[in-house]
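Sequences and hints are given; from them, build the entire structure.
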Amino acid sequence: MRTIINFILKQHNIIIFLALEIYAIIITITYSDYHHNISYSIINEFIGNIHNAYYSLYKYVNTVDENKKLANQNAELLTELLNFKDNNSFATDSNIEKIYKAIPANVVYLNVHQRTNYIIINKGYNDSIEPDMGVISSEGVVGVVKDVSANFSTIIPIINVNAHISAKIKKNNHFGTTTWDGKNYRIVQLCNIPYHVKVRIGDTVVTSGFSTIFPEGIMIGKIINYNYSEGNDFYYIEIQLSTDFNSLNNVYVIKNSLKNEYKKIENKIKDVQ
Amino acid sequence: MYNDIPKHIFRFITLILLQVYVLNNFLFLNIINPYVYIYFILLLPFNIPNFLSTILGFSIGIAIDYFTGSLAINAIATTFLGFLRPFILKLFAPFDGYEPNTKPTIEYYGLSWWLSYSSLATFIHHTILFFSETFNFHNIFFTFGKIILSSFFTILLMTLFQYLFNKTKSQ
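Residue numbers (numbering that gives the first Met the number 0), protein chains in the order written: chain A, 0 to 272; chain B, 0 to 170.
Hints are computed from structural coordinates only; laboratory data are not their basis.
On a predicted model such as this, the values are computed, not experimentally measured, just so you know.
Note that beta-carbon positions come from the ideal geometry of N, C-alpha and C, so glycine has one too.
Incorrect hints may have been included.
What follows is a set of in silico ranges between Cβ atoms, one per label pair, in the way DEER data are often shown [to be verified]:
| # | chain 1 | residue 1 | chain 2 | residue 2 | range |
| --- | --- | --- | --- | --- | --- |
| 1 | B | F86 | A | D270 | 42 to 52 Å |
| 2 | A | C190 | B | F151 | 27 to 37 Å |
| 3 | A | A52 | B | L51 | 23 to 33 Å |
| 4 | A | I21 | B | F86 | 18 to 28 Å |
| 5 | B | F141 | A | D232 | 25 to 35 Å |
Far from chain A, by Cβ distances over 10 Å, these chain B residues were calculated [stated by the list, open to error]:
| # | residue |
| --- | --- |
| 6 | N23 |
| 7 | I54 |
| 8 | G60 |
| 9 | I61 |
| 10 | Y65 |
| 11 | G96 |
| 12 | T101 |
| 13 | P103 |
| 14 | I139 |
| 15 | F160 |
Spelled out as structure tokens, the structure:
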């Protein structure tokens, strides 16, 4: 017993080092579980508040730019609204407009230069935000909500190496999945588009609507490069994102009111199988 | 030495804010991202116990990780750096050792000592950081390019800090 205590006292430096290092490695490899323990929620609120203070300062300095952007966005929305009213004489299914609800939020922290980028926004479960909701901006897709505390939420953006969003080529409806190689925050890759599909530079890529996260047809970006290697059934396609993450500020969290119903049906299918 | 504690705490907080809000948002040439928060670890006093430098290394790394949501990759690198720091200091020690009441700065030990000390530390830290970030050895040349260029900018900025903030103290 005494030898063990002596050993610990003698080697305390190495033991502390190994303990801390193993703890850090486990968090990194298992991808996460510190997000789910109790302390995280408290720390998240604290850090969210610091991010918020910085954001207020940043916003104060950049008000003019932001106003211009909002004015443009307003104009676009107005145009859309007018078009919608115009078409509405044909619309019979009044349910369509009620399925999705957009909750506006502001980005208080974002990073685009890591491989596992994160965004933090200033709305949380107090504003009925839940994990796995989609997040978009006026320019296009942003990402998916991961963790929620009282007043803040963490979002995994499309430019995170672990993010995969179901997408399709707008003109021919062939669908695939986006991935990111972690290099350029303006460009993501589109996988699983089979070789027989006709692809052209400049084609628009939008969300597929196959999950309850995003509605169909939200802009992701435009194809800027593609190639095909021998012995591979799929294209390698690069998409220029329509969302400029570096200047991202106003986002909308999408709430899908049919999500629970969809989940129920999905679980039933699983039960049958 | 102990009346320097507020100064170290101040440096700890300032470097985190600088790293999270300024440096992480600038990316030169698309791949260079300096991580100057290790300046805190490099400037810890000579006489602190080894286990404390490991713990302080872990603290600043995990703080950065909490702020940026980067799991614990910074903590992996800084814990290692904190653990290794006494050995790096020993490696570059002058002939008769470090004198009491001195700090690991250019002011006391000169530019060439500072550059060799900070370069080795930065390179070790960046290598671990970038490899724990990618977690694989594909694109190994790309990663090495990132490590070398980012290390260069980190050392440059830290040396700049030395000239900016230590001159006034010596007067």
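Each hint tested on the structure:
Between F86 (chain B) and D270 (chain A) the Cβ separation comes to about 59 Å, which falls outside the hinted range of 42 to 52 Å. The hint said 27 to 37 Å for the Cβ distance between C190 (chain A) and F151 (chain B), and at roughly 35 Å that hint holds. Between A52 (chain A) and L51 (chain B) the Cβ separation comes to about 31 Å, which falls inside the hinted range of 23 to 33 Å. The beta-carbon spacing between I21 (chain A) and F86 (chain B), approximately 20 Å, falls within the hinted interval of 18 to 28 Å.
Separated by about 27 Å at the C-beta atoms, F141 (chain B) and D232 (chain A) satisfy the suggested range of 25 to 35 Å. A beta-carbon of chain A comes within 10 Å of the beta-carbon of N23 (chain B); the shortest separation is about 5 Å. I54 (chain B), annotated as away from the interface, has a beta carbon of chain A within 10 Å; the closest lies near 7 Å. Residue-level check failed: G60 (chain B) sits 7 Å from the nearest beta carbon of chain A, not beyond 10 Å.
Listed as outside the interface, I61 (chain B) is inconsistent with that label: its C-beta sits roughly 7 Å from the nearest C-beta of chain A, within the 10 Å cut-off. Against the 10 Å criterion, Y65 (chain B) falls within the reach of chain A, whose nearest CB is about 6 Å from its own CB. At roughly 20 Å from the closest C-beta of chain A, the C-beta of G96 (chain B) stays outside 10 Å, upholding its exclusion from the interface. Every beta carbon of chain A lies more than 10 Å from that of T101 (chain B), the smallest distance being close to 23 Å; the non-interface claim holds.
Its beta-carbon lying about 19 Å from the closest one in chain A, P103 (chain B) satisfies the requirement of being farther than 10 Å from that chain. Distance check for I139 (chain B) against chain A: the nearest CB is about 14 Å away, which clears 10 Å, and the non-interface claim stands. Non-interface status of F160 (chain B) relative to chain A is upheld: no Cβ of that chain comes within 10 Å, the nearest being about 21 Å off.
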